[in-house]
Amino acid sequence: MLSDSSLRTRVVYDIAVRYATPLWRIGAAFRGGCVAGLWILLVWFPARSLPQAAAQLLMVSAGVSTAWIQTQPDTLDRLASGPVAPIRKAAGHLRGVRGRATADLAGLLEGFGMIVALLLYGGPISVRPLPTPVYVAGLILITAHVWNAFAQVMTDASWYNPDTPPARGLVAYRPWIPASVAAIEIVLIVAPGHSAAGRLPAGLIIPLLLAGSIVLLLPFTMVFEVLLRAGQEASEISMGEVRRNDSITVHSLVKNGAHALIRQMQADAGADRETRSLADSMLILAEEARQMMLGGGPSAETVALLWDCVLQTVPGDRRGGMILDAGSRQLRMAKTDYGLARRVLPDLVTNAWKAGAQRVEVAVSQERQQANAAGRPWVTVSVADDGPGLPAQPTGNRTSLRILDDHLHRFDGAVVAERRDGGGTRVLARWRSSPW
Amino acid sequence: MHILVVDDFVLVELALAQVIQGTPHTLTGVRDPRNLPEALSDGPQVDLALVDINFGPGVPTGLTAMRILSELSPDTKIVIESTDEERNRLLFLLASFAFFEPLALLSKASPAEAMLALIDAVDRGDRSGPGFAAPDGGTGSRPPSPVDRLVRNKGLLDELIRGGTDLMLWRALVRFDKRGEVARAAHVDERTVDRFTAGKSLVVDKIHAEFPEDASAPEPPGAGPDGPRRPNLVRLARFAQTHSHFFADQAIDGLFAARWQTPRPRQRRSWR
Chain A
1 MLSDSSLRTR
11 VVYDIAVRYA
21 TPLWRIGAAF
31 RGGCVAGLWI
41 LLVWFPARSL
51 PQAAAQLLMV
61 SAGVSTAWIQ
71 TQPDTLDRLA
81 SGPVAPIRKA
91 AGHLRGVRGR
101 ATADLAGLLE
111 GFGMIVALLL
121 YGGPISVRPL
131 PTPVYVAGLI
141 LITAHVWNAF
151 AQVMTDASWY
161 NPDTPPARGL
171 VAYRPWIPAS
181 VAAIEIVLIV
191 APGHSAAGRL
201 PAGLIIPLLL
211 AGSIVLLLPF
221 TMVFEVLLRA
231 GQEASEISMG
241 EVRRNDSITV
251 HSLVKNGAHA
261 LIRQMQADAG
271 ADRETRSLAD
281 SMLILAEEAR
291 QMMLGGGPSA
301 ETVALLWDCV
311 LQTVPGDRRG
321 GMILDAGSRQ
331 LRMAKTDYGL
341 ARRVLPDLVT
351 NAWKAGAQRV
361 EVAVSQERQQ
371 ANAAGRPWVT
381 VSVADDGPGL
391 PAQPTGNRTS
401 LRILDDHLHR
411 FDGAVVAERR
421 DGGGTRVLAR
431 WRSSPW
Chain B
1 MHILVVDDFV
11 LVELALAQVI
21 QGTPHTLTGV
31 RDPRNLPEAL
41 SDGPQVDLAL
51 VDINFGPGVP
61 TGLTAMRILS
71 ELSPDTKIVI
81 ESTDEERNRL
91 LFLLASFAFF
101 EPLALLSKAS
111 PAEAMLALID
121 AVDRGDRSGP
131 GFAAPDGGTG
141 SRPPSPVDRL
151 VRNKGLLDEL
161 IRGGTDLMLW
171 RALVRFDKRG
181 EVARAAHVDE
191 RTVDRFTAGK
201 SLVVDKIHAE
211 FPEDASAPEP
221 PGAGPDGPRR
231 PNLVRLARFA
241 QTHSHFFADQ
251 AIDGLFAARW
261 QTPRPRQRRS
271 WR
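These protein sequence lines are chains A and B, in that order. Take 1 as the starting number for the first sequence in the working numbering and just add one per residue. Take 1 as the starting number for the second sequence in the working numbering and just add one per residue.
Hints are computed from structural coordinates only; laboratory data are not their basis. By construction, the Cβ of each residue, glycine as well, lies at the ideal position given by its N, Cα and C atoms. Be a bit skeptical, because a hint or two may be false.
[Claimed, not checked] Below, simulated DSBU-like cross-link-like pairs (lysine-lysine); rule was C-alpha separation at most 35 Å, straight line:
(1) K354/A with K108/B
(2) K255/A with K108/B
(3) K108/B with K77/B
(4) K206/B with K108/B
(5) K255/A with K354/A
(6) K77/B with K154/B
[To be verified] From the derived model, a few chain A residues whose C-beta atoms are all more than 10 Å from chain B:
(7) G82
(8) L109
(9) L294
With the hints as extra help, turn the sequences into a complete structure.
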């Protein structure tokens with residue numbers, strides 16, 4: 001519905017600002033045509049009422065002319081720097097209110113001018129007698145003018161501004177605007193006077209139909225918003241396509257480079273384990289970037305996301321044996337914990353499959369100690385494999401586990417490896433969760 | 001000296017922890033500027049904060065981090081960490097030096113020795129090393145370093161954004177490049193857009209002259225109905241799009257608002 005805030009988005013607002021400029025211009029020209037038609041109809045007015053009729057059309061004529069000038073920035077600029085002070089002042093005012101949802105000179109002149117013009121055809125001071133075709137044509141022109149003016153009001157860009165949304169009261173009143181305008185027109189036409197309803201040239205049906213047609217502005221606006229929504233969806237689909245293309249670019253630019261670097265690191269016996277780990281982490285970061293692009297924003301930092309990224313570091317033929325505990329998948333971590341898990345998990349998994357493990361079971365948990373329930377929880381990453389077990393390491397060697405252990409000490413943590421009953425190894429990395 | 005790393009990547013903190021291993025310095029880290037108040041109140045007195053600029057989508061930037069640090073821990077010395085490759089950091093860096101007093105600019109690509117040298121220099125109170133702004137503002141015989149150029153040209157930011165209307169126009173230019181649309185989106189008249197375009201084009205020229213590495217984007221082709229007639233507007237739109245992250249940062253509203261309220265020496269009215 002019209003008060004639906006889902007259309008108050010950047011894309012819809014951008015579309016609205018873009019259509020507003022040409023529509024204002026076309027609308028002002030159209031309404032100018034309507035007013036010109038009203039002047040032409042004066043030819044069939046009784047001669048004695050011509051001065052009154054002309055006077056009644058002056059205000060709306062001035063209003064529509066002002067509205068047209070308002071859509072011509074260059075003309076407005078010339079008037080604003082002209083020699084006549086009142087015109088200079090009026091032009092300055094019209095320039096100042098452009099694009100703002102506020103009452104301006106053109107709007108007020110047009111609004112009140114249309115009421116005064118309508119009183120030529122209905123209400124207490126209407127002109128009589130009028131030929132029926134002139135009466136009907138006049139009402140049609142006035143209704144068309146009102147239709148156009150309020151179509152602009154109903155589809156104004158300010159309804160869709162996400163930064164400064166319209167007042168709640170205005171949004172609530174918006175669906176009632178067409179009915180209110182129609183009611184005003186009907187009341188003016190049938191208002192008792194010397195042309196009481198029974199003596200209207202075409203009876204009540206035509207004025208009621210014309211005024212009632214203004215209510216159709218509501219479905220018109222709804223259709224308009226369906227188009228806006230379609231534009232928004234089309235834009236989102238295009239954005240998705242762009243994101244997919246970008247993610248492919250990330251894949252080819254970053255991942256290929258990272259793979260080449262990793263291959264070089266693996267071939268270089270002198271390369272430090274930490275350096276190899278960091279090269280591996282490039283793959284994970286590239287995968288996270290790809291997923292972020294695909295999702296159109298940062299993904300929730302869950303274990304499931306991390307696991308998907310870690311699998312990118314595992315050769316395709318080994319991924320089938322990599323099992324993440326189902327209960328761990330939806331665990332969300334603070335940013336530091338997620339960063340540490342991103343540092344720890346690939347190393348532990350890589351160690352496992354490189355050692356010849358066929359099955360690697362991973363679990364990540366976050367729990368508080370019962371003795372200190374109010375304290376910060378502990379994060380545990382467990383990687384259990386069916387490999388041949390830990391090789392003996394020379395003392396002092398900077399193995400990947402030793403390096404991880406060093407890092408986790410900063411967070412009161414450690415890495416512990418143990419032999420599993422029945423063969424294989426379980427490595428536990430544990431640290432105190434960071435609050436941020 | 002206690003160091004606080006304000007960076008969304010924990011790897012940066014881990015790497016720095018290795019760099020300062022064996023020194024008397026200690027280190028903690030936060031991943032998000034919004035966590036700074038808690039970290040500053042719970043942790044030890046922070047002597048030096050290494051502050052990143054970009055924390056990813058939807059997270060406040062380094063300007064917010066520096067504002068919080070300057071409000072809650074005014075004695076903390078600030079060093080900005082930045083990646084050299086990203087051109088869209090320029091306005092953030094200018095704003096950092098315009099609104100705060102960071103001691104130095106540290107490239108994330110710096111080798112470990114350079115990082116440690118800078119930290120030790122901050123500890124000693126020695127501001128003469130690389131990364132620090134030169135005492136003479138870089139006007140001496142040696143070519144100005146990147147940080148010298150930032151300090152020397154921080155006034156360009158005031159020329160770029162002189163008031164709330166300028167800010168609205170820059171934000172409109174991120175999304176529109178036609179005069180009428182920019183005017184409508186910024187709630188101003190077209191004449192204001194013209195004056196803005198004329199004035200700011202000169203400022204952007206100055207920025208590109210002072211920071212040529214920021215000017216490597218190709219000139220607009222001039223296509224489209226407004227292109228040939230208003231190439232400067234299209235050029236400003238490109239500039240705004242390059243720095244869209246900066247113009248979208250809500251932190252600059254508050255920083256500039258406070259600056260505009262501060263009485264300044266009377267200047268000739270200018271749209272630049």
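(message) Which constraints among the numbered hints does this structure fail? Numbers only, ascending.
(response) The structure conflicts with no hint, since it agrees with every one listed earlier.
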